[in-house]
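Chains V and W are the protein sequences, given in the same order.
Per the working numbering: the first sequence ends with 627, consecutive numbering throughout.
Per the working numbering: the second sequence ends with 269, consecutive numbering throughout.
Source of the hints: derived by calculation from the structure; they are not laboratory data.
Values in this document were obtained by computation on a predicted structure and should not be read as measured data.
Check before you lean on any hint, since a few could be wrong.
As the list claims (entries may be wrong) - Where chain V lies over chain W, by a calculated footprint (3+ residues, C-beta under 8 Å):
| # | region |
| --- | --- |
| 1 | 44-58 |
| 2 | 91-100 |
| 3 | 228-240 |
Said to hold, decoys possible - Quick partial rundown of chain W residues pointing at chain V, CB under 8 Å, derived from the structure:
| # | residue |
| --- | --- |
| 4 | P30 |
| 5 | G76 |
| 6 | H122 |
| 7 | G163 |
Where is the CB? At the ideal position from N, CA and C, for every residue including glycine.
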Amino acid sequence: MQKVDVTIEVCGMAGDGTIAAGGLLNEAMSAGGFSVLGFDSYPAEIRGFGRCVTRSRIGSYEIAALCDATQVLISLDEEQSISRVPYLVDSAAVIFDNNPPAYVDESKSLVARLDPGMALFGIPLSDLASEAAGTTRGRNLTALGGFAAIFGVSPDLFRKAISEKFASKGQPVLDANLKSFEAGFSYALEQFKDRISPIFGVLEQTPFPQRVMISGNQAIGKAALDAGLKLYFGYPITPATPIMEFLAKQLPKTGGRVVQMEDEISSIGAVLGSYYAGVRAMTATSGPGFALMTELITHGVMAEIPAVILNAQRGGPSTGLPTKTEQSDLHAAVFGGPGDSARIVVAPTNVAECYEFTAKSFQLAEKFQTPVIVLTDFYLDNRVENLPLPEASAGQKSEANTYPDDSSRGNYRRYADTESGISPRSVPGMEGFTYTATGLEHTERGTPDYSPENHMTMTRKRYRKIKGALGDLPAPQEFSSGGRLDVGVIGWGSTFGSILEAVNTAVALGRNVGALKITSIFPFHEDVIRDFMERSREVLIPELNFSGQLANLVGRLHKKEVVRLNLVTGVPFPPSTILSEIERILATGAE
Amino acid sequence: MKTPGRLLEKKVQEIKDSNEFSVRSSALPTWCPGCGYFGIHHALNSCLTELGLPLHEVVIVSGIGCAGRYPFFGGTYGLHTVHGRTLPVATGVKMANPSLTVYAVGGDGDGLAIGGGHLPHIIRRNVNVNYLLFDNSIYGLTKGQPSPSSPVGTTSKASPFGTIDKPLNATLMALTYGAGFVARLFAGDPDGMKKAFAEGTRHEGFSFFHIYSTCVTFDKVNKTWENLKHQVRPLPEKYDPSNLRNAFHTALEDDFSLGILFKNNSTT
């Protein structure tokens, strides 16, 4: 089978339909049976003059990350597309409007900036759309028609994607869009008949049939639904809002409720109240909202109340970069808030894991009676991947509460100092087991007590309990041939896909390197990580933060000085940067 | 001012005999002797007894401050949260299990300062929670700082030259936000409180109880027993609590008449 690995960009001005075109492209290619990973970048302003870019990587093998080089650029706005030229490979194909509605000044001409080796496909997008549908609004679909014709993609895949997207807008809108697409398709088929390059059409069979396009946020929302979420409390914040919007539509169908609260403090407060009463609840936020939640999160730690909190990280500190990706809330998630407040923190690395860890977090929260924080980031939340439709396991749906047994009725010790640290937890309505949950240090019965021995005992109990969760958390996964490695790369979150891409490339070049994926951020599997560090001559930890937050956490496990590779560029970690660093270390040793 | 041991024993026996231990826990309140909160505690316990609510189906959510300790002294389920967040937490409890009877209790610092932003929203949502605001116009547990309901000129260690900020009127606030049940009460009037608590508990929707109380330790001039006793009086006998206009008028013009100021019979 011929290997397909093509990155396609659509670039335009806000309002050009760029994001819609990228979405349709992803749907069509997914329906065509390819592995698809897509990510959009758009301005924070609702209506402005911002640049919109969608990037999609289409593969005949499982795609783990976006790559840095683009093979195909579909330009809906010349001036905006100029910024994408540096990312194009030398032989890139560029589809553009060769008779745009507005005059393009020479200094803003895309074509003038392209390398001679690139393949240009000028299509009068506006004219064709206008002729076909009476409006230039569908010129983004005209461009897709051109794309399908030039690269030999079956137009039926696009027709189906367009029909599904516009079905709810009524027949006239749907027809106009289909006509705009067809106009581009037939024009390109005729105009470029000698230059057709059917790179997607030569596969004998589709490698990944039966997949659905799903974003990180949709996966999180669906996981929560499937795991039996009953109440969602939240406050709008980028990039977590789509989770609330998804659940607002879906949760009522299962008898649940979504409540938009007055702030993030009340959101986590209501989640704790709900879980105290024995009902699964969650909230999702981003860094600024998470900061507000920390006091109540530590209340959940102290009073041993379950809670599920999703922190979709964005650039910080403070309001920071609301629409840019970063991994700089790890310290806040693990250590944020007053006191020694151990809680469980997990971090998925791809969309499938967004589903898996969100679904799992409800059980973890119940079993270990603690807030569980799921750390994602803008890139992970907003990117789309095509996956087999994920389903929660029966285990994830079933509750994991430890209730008191009848023998303790009337002599109930809510915070019994057990070997596992897990104490039987009653919920209101259970007769004979009333108690007061409190954020004050307390005795086994829940009575406030500040004596030295008691605070030592209860702090140890809470830490023992969290440590015990390790058995329920996935161990780090190693991607290597085993044995000794010249460079061992450790990573977490969305950056891990880039690490995997870089390490796979290095291995293909004959380098002795490997990668370790950490998804359990706290508690973490010290032995596994230490062993990997021991076997690696040099340890590299690339992260999208300035202070090396994972490196700070796990770096101390071995006397070896880890090499940190930190970017705060707001964009996904480029695999090429990691590859260069691996090569540099191999050539010179660590700094 | 420690209570002599024999007096304490006598009090414990008295409570045991009154059968109140079924409602109270064996932990005796830690409030200062003479504190107004004893009266509120007694009145709510009597209300629970009168309504015959099973204690394991009652949840009392509290914040931080002297009033925050409330749930430890009762036999119900209790949730002692952080400062100012009683109302959102109570919202979660009630929505999770609507068959529970939920009370939120807190002081004027908890409810009007740090937690002041939550009151309009629980009222907007009309969550069926009963909120008891213990208003003694002082921060007692941190030893006597002025609160948002302290009158202008209040002197304390934190305001040695007297406060200049205007006090909030909690009753008027609740009416303005649109609360469907608003009562103004006095910690020295257990029967009045009990009656209002029972009626508010039965009210389908959010109920607000603004309770004037005292801080016998840190307030010797403002809301003292002596002052309050002479200031408060019941609402006129023919007062109609279904008339919102009247309720606003009363809340604006008169700080001290007690009773159910407003009760909206329609439930939404």
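*Which hint numbers does the structure go against, in order from smallest to largest?*
3, 4, 7
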